[in-house]
Structure formats: C-alpha cells, structure tokens
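Protein chains in written order, with our numbering: chain A, 20 to 406; chain B, -12 to 278; chain C, 3 to 360.
Hints in this document: simulated from the structure, not taken from any laboratory.
Just so you know, not all the hints are guaranteed correct.
Unchecked claim - Below, in silico cross-link-like pairs of lysine-lysine (DSS-like), each with a Cα-Cα straight-line distance of 27 angstroms or less:
1) C:Lys158 / A:Lys118
2) A:Lys118 / A:Lys188
3) A:Lys345 / A:Lys118
4) B:Lys16 / C:Lys351
5) B:Lys265 / A:Lys238
6) B:Lys119 / A:Lys262
7) B:Lys119 / A:Lys396
8) A:Lys380 / A:Lys353
9) A:Lys118 / A:Lys48
10) A:Lys393 / A:Lys184
11) A:Lys393 / A:Lys322
12) C:Lys123 / B:Lys265
Remember, predicted model here, so these are calculated numbers, not experimental data.
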Amino acid sequence: MRNQGVRWLVALGFAALPLCGFADQGVTKNEILIGTIQDLSGPLAAYSKETLNGMNMRLEEVNAAGGVNGRKIRLLVEDSGYDTKKAMLAAQKLSQSDKIFAVAGSMGTTIALTTQQVFQDAGVVNLFPLGSARGLYEPPEMKFAFSVPYFQQGRGIVKSLLATKADRKWCSLVQDDDLGTELMAGVDSAMKQAGKTVSERTTYKRAATDFSSQVARLKGAGCDTVILGTTLRETVGTLNEAKKIGFAPQFVATSAAYTHLLPKLGGAVTEGIYASHSATQPYADEGSKAARDWYAAYMAKFKEEPGQFAVMGYAVMDWTIKAAEKTGPNLTTKRFIETMESSSFPRDKLGFDTMTFTKTKHIGSEAIRVSQLKNGKWTPVTDFITP
Amino acid sequence: MDFLQQVFSGIALGCIYALIALGFVLIYKATETVNFAQGELMMLGAFAGLALVKFAGLPFWIAVLVALVGITAFGALVERLVIRPVLGQPQFTVVMLTIGLGYVVRGLITMVPVIGSETSAFDPPYKGMVWKVGGLILSYEQGTVIAVTIVLCCAFYMLFKHTKVGIGMQAASQNQLAAHYMGIPVKRLNGLVWGLSAGAAGLAGLLLAPFTFVHVNMGYIGLKAFPAAVIGGFGSLPGAVVGGLAIGVVESLSGYYLPEGFKDVAAYVLVLAMLMVKPNGLFGTATRKKV
Amino acid sequence: MRFLLKTDYVQDIALARQPGQRIWYGLLAVALAALPLWAGAYWISQVTLVLIYAVAGLGLMLLAGYTGLASIGHAAFLGVGAYTQAYLVGKGWPFPLALLGAGGLSAAIGVLVGLPALRVKGIYLAIATLAFGFIAEEVFARWESVTGGNGGLQVKAPAIGDWQLRSSESLYYLSLVLCVLVTLCVLNLLRGSTGRAFIAMRDSEVSAQSMGIHLARYKTLAFSLSAGIVGLAGALYAHKLRFVSPEQFGISQSIDLLLLVVVGGLGSVHGAFLGAIFLITMPQLISLAKDYLPAAIAQATGLQAVVFGAVLMGFVMFEPQGLYGRWVKVRTYFEMFPAYRKGLFRRQKSFQKSERLK
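Model the full assembly from the supplied sequences, consistent with the hints where possible.
If you want it as structure tokens, here you go:
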C-alpha cells in the first residue's frame, strides 16, 4: 500500500508541470457561465447582498435584450463566509466542477488574493475583484482589477490636500492591517516628493472601539489635518471622540469610509468629513439624469437605497459584458484577455473614471477623486486626480 | 494633566470590561461554570433595545427597561432548557455548550430583517454631553458606565454576603447534593443566577451601544472581559471590577505612551503575567483537594 | 454476541483488536491511495483538507482529550507551523526539512506555553491559552519582515531542489502520507507508558502524582507534542491554501478545532477524523440542504452559524462522547446483542466541588 502510494507520488511529481493554460470552458451555444465568490454569511454579508443586486440588475438587463452575441449570462454564486479555506474550496468548485468561463466581483481583499491562485492555475480569467491590493493586478496575468488600492488613494489624498493648502500639520490614524500600511506607504511616498512629513502617526487594531488615547495624542500634537485609514464604525468612533475633547482638524478618510451609511450611523458629527473614492455614491436627486434614473430603477427593483457596492456590482458586470461583446461570437479565454488588454471603457453614468487596460496595465484607472459630506450627502470637491 | 485624562479614560474603559466580567463571575460564583456566551447575551440586550425603539417606537427609557426584563427572562430560559440537562457534568462540557449557544445567537440575530446584518446607532438621550472637571473631560456615557458598574458590584456583593438567597447560592456552588438536602432549591437558584447574569449582560450591552454601535459582532469585546475576571480572581466580584479597571488603565496608558501595537495585547500580556505570579488571581482562593 | 478471547499481552496492545478490523482498514487504505483515480479534483481537495484538519485534530485531541488540558488558543500553533513553513520554503529549503522545522518550532513554543500551564488549572488554563492565542495573532501581524504582516504571505509549492509538488494530487499524497505517519505515532504513544500517564493525569492529577507520575514533565511533554503535531498540520495547511495571513489563525479557527474534537468524540483517535470530516463537509451539506428549505431561512446569512452552534449544543447535551461515541454504542449493541443495557455508557455526574477538583 505504501509503495503504491510512493510510486504514484513520484510519477505525479515528475509529471506535474506548472499549469498556466487557458481553460476555454463555460461558454456554450446559449450561455456564458460567470462565477462570483461572495460573503453570504460573514461580516461582509450586507455588502455582498448589495453587490449581487447590482450584478443581477445588469445581468437581467442584458439577458432581456437578447444576451451577449446571442448567449445569455448565468451567474453562479458561491459563499465564502469570509473564510479563506471555504473560499478556496468554492473557487475550486467553480473552476473545476461548474466550469465557469470567468470569475467576477469576488468580495474581500484576502479572499480575492487567496482564490486568484486557484483560478490562475485552472485557466479561468479573474475579473474586477471587490478588494484593494496591488497583488490583484500585478503581475499582469489572467486578472484585471478596477478598485484603486489604498497606496494610490494615499498619494491622491496628499496631492489634493496640498493643492488646496500647502502648509499643514499632518497626522494619521489608521487600521493596523494592510489597509493602514498600504495607505501610509502611499501617503509617505507623496509626502517625500513634496518634501513634507507626517508629524504624528497612530494605529488601532481592527474592530477596536476605543480611540481615546489615539485621538488624545493627535490633539496633543496639534494636528490640523488627520488622514483616517478607518472603516465605517471606527470613523464614527473617532469623530465622536474628537468632538468630545474639542479637537476639530480636517479629517480625510478613504473609500473604506465613503459610504451612505456613514451619515446614517454618525449623524451630525460626520458633517464636513472628506473621503477619497473611485466609485461615486448615487442619490435620488443628485447627479446626471442617467444616474438618477439608475437610482430610481434600483429602488423600484430592490426597495432599498443603492450604496457603493451596488454601483460596483453593476459596473463590474457592465464591463464584463462590454468586453465579451467586443470579443465577438468566438468567445475563448485567450481572445477575451486580448480584447481586455486593448479595451477602454469611457466614463459612464455611475461616475467611474475612464477604465483603460493594456498588456502591462491590468488596472483600469488609478485615479481617485475627493468628496465632502455636506448635509448628509457626499458632494465631489475635486475631479479625478492621477496619483 | 494628559496622564490624568488617560487614566480617567482608562477607568471608563475598564468599567466596560468590569461590567461584563461581573456577569461571568456571578455565574461562576454560584454554579462554578463559565459562560462563554456572555458577549452574545450583551449583544442580544442591545439589539432588543434597538428593536424596541425602532420597530415598536417606544421611548428610550421604557425600551431599556423592557429589554432588560426580556433579557433576564431569556437568561432564565436558557438555563432551564440548555444548562439544567447537563447539571453535574464537567466544566468543559458547559464551556462548549455556551460556545455553541453563542454561535446560535449570533446566527439568529443576523436573520433579523433590516438591523440584523447592519451597524446601527442606539443613542441615549444624553448623547454627546460632557462633564468638564478642571482640565479633565468625561462624557455622560462614560459616567453612566462607571456609576452602573459600581452600583451593580455593590448590589451583587450584598446579595452574596447578606441575603439568604446569596448564601444559598454559595452553598450550592460548593456541594450541590448537600445543598439540595438542606432544602435549598438548587435548580431554581441556578435559573435565578443565569437570569441575573443575563440581565447584567443586557445592561452592559445597552450602555456600551454608544461606544461600539449595535452590530452582530459587538459581543467580541466580551473576550477582553475574561482576562479581567481572571486577573481579579474568578470567584470574586470586587476582583472582577479591579481586574477590569487594571486592564482598562493599562490599555489606555500603553496606547498613549508606548509604540503602536502594545495597546491591543496589553490585556493578554497582563493576564499571563498575573497567572505566572499569582495563579489564582488577585482575590481568588486556592482550592485543594484533600486526599 | 461476540467474544474476544485474549491469550497474549501482545493481543491486548495490538492496534487492530479483531481480524475484521484489518480488512476494513485495508479497504480504506486502498480507497484513499487510489482516490485520484475515481474522484474529481474537487473531492481530492476536500479530502486533503480533511486529512490536514485530522492531523490538527489529533494534536488537540492528545492535549484535550487524552490529557484533559483544554486549550482555546490552539490555532496559534497552526499559525506558527504555517508561517514557519512559508518562510523556510520561501528561502529554498527542501520541504521535508521545512516540515521538521515547522513542527520543531511549534513544539518548542508549545513547551513555552506549557510552562505556565503547570501552575494553573481548569478555566485559568483555558483563559491563559486564549490570551496566548491573541498574542500570537498579534505577533504574526506585527513581525512584518518575516510574516509579511497583515498583507499575508504567498506560499511556494513544496520542493526538493528542482522537483516540485505543484499539482493537487501530489499535495494530497503528501498529506495522506503525513497523516498516516502521525496517526501511527499517536496510536503508539497512547498504548505506551507516556499515553497511559496522560490518561492518568486526565482522570485524576492527585492520584497520578501519588502513583509516581511526574506531572510537570508529562504536562510539558503533552503540550509540546500537541503543538508539534498541530504545527505539522499548519505547514500542510500553508501549502494547501498557498496564502497565509494572520486572521486565518484567530479565535474562530481555534473554536473550529475545539468543535472538531468535541463533535468527533473527546478521547479517541477516530474522533479526530470524524470531527474533521464533519467540519469540512458540513458547510457543503448546508448548501445542498438550502434547496429544500423555505426561501426565508435558506437565504439567511446566519444559517451556517446556527447549524454549527445547534449541532455542537446537541452533541454536548445528548451525545457527549461525540460521533465516535455514538458509533461505539451502536457497535456494542450489535456485539452484545441481546445483552445490551442502556446504562452501559451512563455518564458520571459529580455534584460536589471536591469531586470536580481532580
């Protein structure tokens, strides 16, 4: 028994070569199979629900109009529960059992980073994960990203703030994980170019609820500009603490805090905060007519307000469809990737910047814009800045 | 002045931990079992208050009262259905049971429509108001937590030392069979204890909502309350408060003066240090088996 | 009714008590060795994960099931093994040496954790291990030069020089070989004097000490062996997932491991395997069952947590000996038919505090 096992091991070991081929699966006469790995039962469940709504909305639109070159799109959803081993199993199921053509919009940076290896080995193209990391588009293999990583957001924030007022006392309060480290790396690189430094840096552990010592340190250092690498809850917590001790600098957050839930949760204390973002929050009575119509259509369909993630889900599906249409009826993985690498998606009603992909650039756009929360609504104060 | 402000913030933070630890220690003192679902009961109390205000439209204080009563009843129900069948079994059994209970409660809460999977604010009427004493600033929310912790600690202490019920609980924790023979209704007392502990947890949840916001994972703060109870000695109520305060102050000061990262592990380093020096905590009693 | 007539001491400590067992285990071995022939890639992946978690379960079972020391921070050792393996393989070490390194470092850290364990008992030990688990997670996140911090670390495929084990079949065979080796080692340990010392300590420390068992030495040994085995599992886990990050080794992973040993059956080697199968296949079963449930429940986000919690509670309340215990009861019923009595497996209840202090 043991010998047999060893012989198998040796044979397979020698026969095992790096698997970098194209899968060329998931496309039949009538259907294109697209997979997505979402968090249906974990901490990001609410975001995944919105994302799926957005994706399904676009999907149903295109299927009602006859599909992509005559093929209808079917979306297969797998649950990761925000657990890496379940995500990995889900990725294998999608690529090997269900035989999808492409995976799109996977939720969560860690999940996307873990599963992209599986999809790479299975020859399935990985499209537009909902996560921010440079590893999601570098090196430029079978993956394409749209979400601007925190490194570029940091650079963009510094650039936009320097443009309005050059003389500032800079401080930061960031989460002690890759969100914070990437953000500060970007901030530092832009600051170095401008010949400035961050005076006081503080961090907090993910899911912390007490910011009294950090905010006290920032106040003690006399900062007038504070960069926040925080998510929803921590932003409100920090703002509450700052109000309590009478500390009122200019707060600038990232896309992690750019959500319509922020004014809902924090109320008046969130008024006036700035945030960088790449996708734009839609409102019922703001923006272009096309954006307002989209908002109304979403409300009618799902009976709730669309947030950032609904917008991203819709856009992800939209770009995938456009690229598939451009590739034509002969839809293979290789041709799809070639099409993507020569594509440019113009600014659309959802407020994204122009997304351009080339052979070496697999991220659509690294530009961000900054908005300010005025009267409980996010209002853009800059156009897209290239970091 | 900065130092004092940090100490004050630390005391307020520590009272949060102490409030949750009081619930643990209460159950441990009376039944010698540990309740790992204390954080989830806390979360349940906060959600109950939120639901009453949001869906039933009750005013804040009425909602708080009804939520407390509800949670106390829930605690007694849990004891009757889940803990009583395993009476007499090893400690580890009940620990695993409460861990399972925590999972179930978390899962059920996420199924509640609208508020289940979101973060919501549960603002008391005194939100945002602050006391300014000299150069120190203390918010009303922090003050309420400190006051309630002290009151609750004294109340429980009196209960255990001076009332018949309390002495009965202590007897039951030492020898359930003998207590039963002496006419002490052991099972009913257990139910009462779990109800009280759940009530304490619910109160903690309602008071904490301004700091942590109401969401399904807010109970994780309960994991910091374990070190608090251990530092104080698991069978001692004042010990739980002292332990909580110790952790709160150490966290606050290390967050201000030490480099990043120390604030987060301060509680755990402290508990390990305490276990090396005094394995039974500050006020705990060492128990030996006579052979 | 089946009788087991033993005429030799060797029969008493033999691994297979009846000839029939040898046949069944032989069939299992053949089925597992030939798995890639009859199962698809998805099932190979699942079985590999089951094997990895079984090894981790064996480690925790040795500590919690056989020595009676509860540990709520065991995922830390999984993490130590995973990161050590990722680091050493990244530096180009051949994988057998890296595996030894991962297991060895884990065992060394297990000794460090075991030292305070000598002074504390029961719930205090559980809290101490919980604290250790949190500190370990923080170290993984902070020590960026070695662990890559919160951004995580990519893990290269196991290799000896130029020969790489990249395919999932080769990783499966590696896990299978390692799992079989570890199981045989653990079984051997348990039927020797060390294993008996562990069991004695679980049943009553005072009595064990009176019989001459050096408590400190055996407790430290239990911790280090358990940590070493879990470290090996962690190394394989790193290769399987190809990406490690600190949040994978937090408290929820520790509770998953505890769930594994309790549902599998505390105090049995089979329990580790049954628990691993339960842990890995339950989510799939829930997804399959979703089609038969009403939409409101099936789409609910918390369904999996509820099912896991309910199953754990159910086992603790009604079947404390776990899946393996249930199997033993069924088997005993048929072995002793018609002489089986319900009271054969009655649990011991202790109502006195002094009885609970062992």
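Holds or violated: are the alpha carbons of Lys380 (chain A) and Lys353 (chain A) at most 27 angstroms from each other? OK: Lys380 (chain A) and Lys353 (chain A) at ~17 angstroms, within 27 angstroms.
Taking only the CA atoms, is the gap from Lys118 (chain A) to Lys188 (chain A) under or equal to 27 angstroms? At roughly 54 angstroms apart (the allowed maximum being 27 angstroms), Lys188 (chain A) and Lys118 (chain A) break the hint.
Check whether the Cα positions of Lys393 (chain A) and Lys184 (chain A) lie no farther apart than 27 angstroms. holds (20 angstroms)
Run the distance test for Lys123 (chain C) versus Lys265 (chain B): straight-line Cα separation, threshold 27 angstroms. Given that 27 angstroms is the threshold and the Cα spacing comes to 12 angstroms, the pair holds.
Check whether the Cα positions of Lys118 (chain A) and Lys48 (chain A) lie no farther apart than 27 angstroms. Roughly 15 angstroms separates the two Cα atoms, so the pair holds.
Can the restraint linking Lys119 (chain B) and Lys396 (chain A) be considered satisfied, given a maximum Cα separation of 27 angstroms? violated (33 angstroms)
Straight-line alpha-carbon gap Lys345 (chain A) to Lys118 (chain A), limit 27 angstroms: holds (22 angstroms)
Satisfaction of hint between Lys351 (chain C) and Lys16 (chain B), Cα-Cα up to 27 angstroms: holds (20 angstroms)
Would the pair Lys119 (chain B) and Lys262 (chain A) pass a check requiring their Cα atoms to be no farther apart than 27 angstroms? Holds: Lys119 (chain B) and Lys262 (chain A) sit about 13 angstroms apart, inside 27 angstroms.
Holds or violated: are the alpha carbons of Lys265 (chain B) and Lys238 (chain A) at most 27 angstroms from each other? Roughly 39 angstroms between the alpha carbons, so the hint for Lys265 (chain B) and Lys238 (chain A) is violated.
Holds or violated: Lys158 (chain C) with Lys118 (chain A), Cα cutoff 27 angstroms? holds (26 angstroms)
Are the Cα atoms of Lys393 (chain A) and Lys322 (chain A) separated by 27 angstroms or less? Status holds; Cα separation ~25 angstroms.
Violated hints, in rising order: 2, 5 and 7; the structure is consistent with all others.
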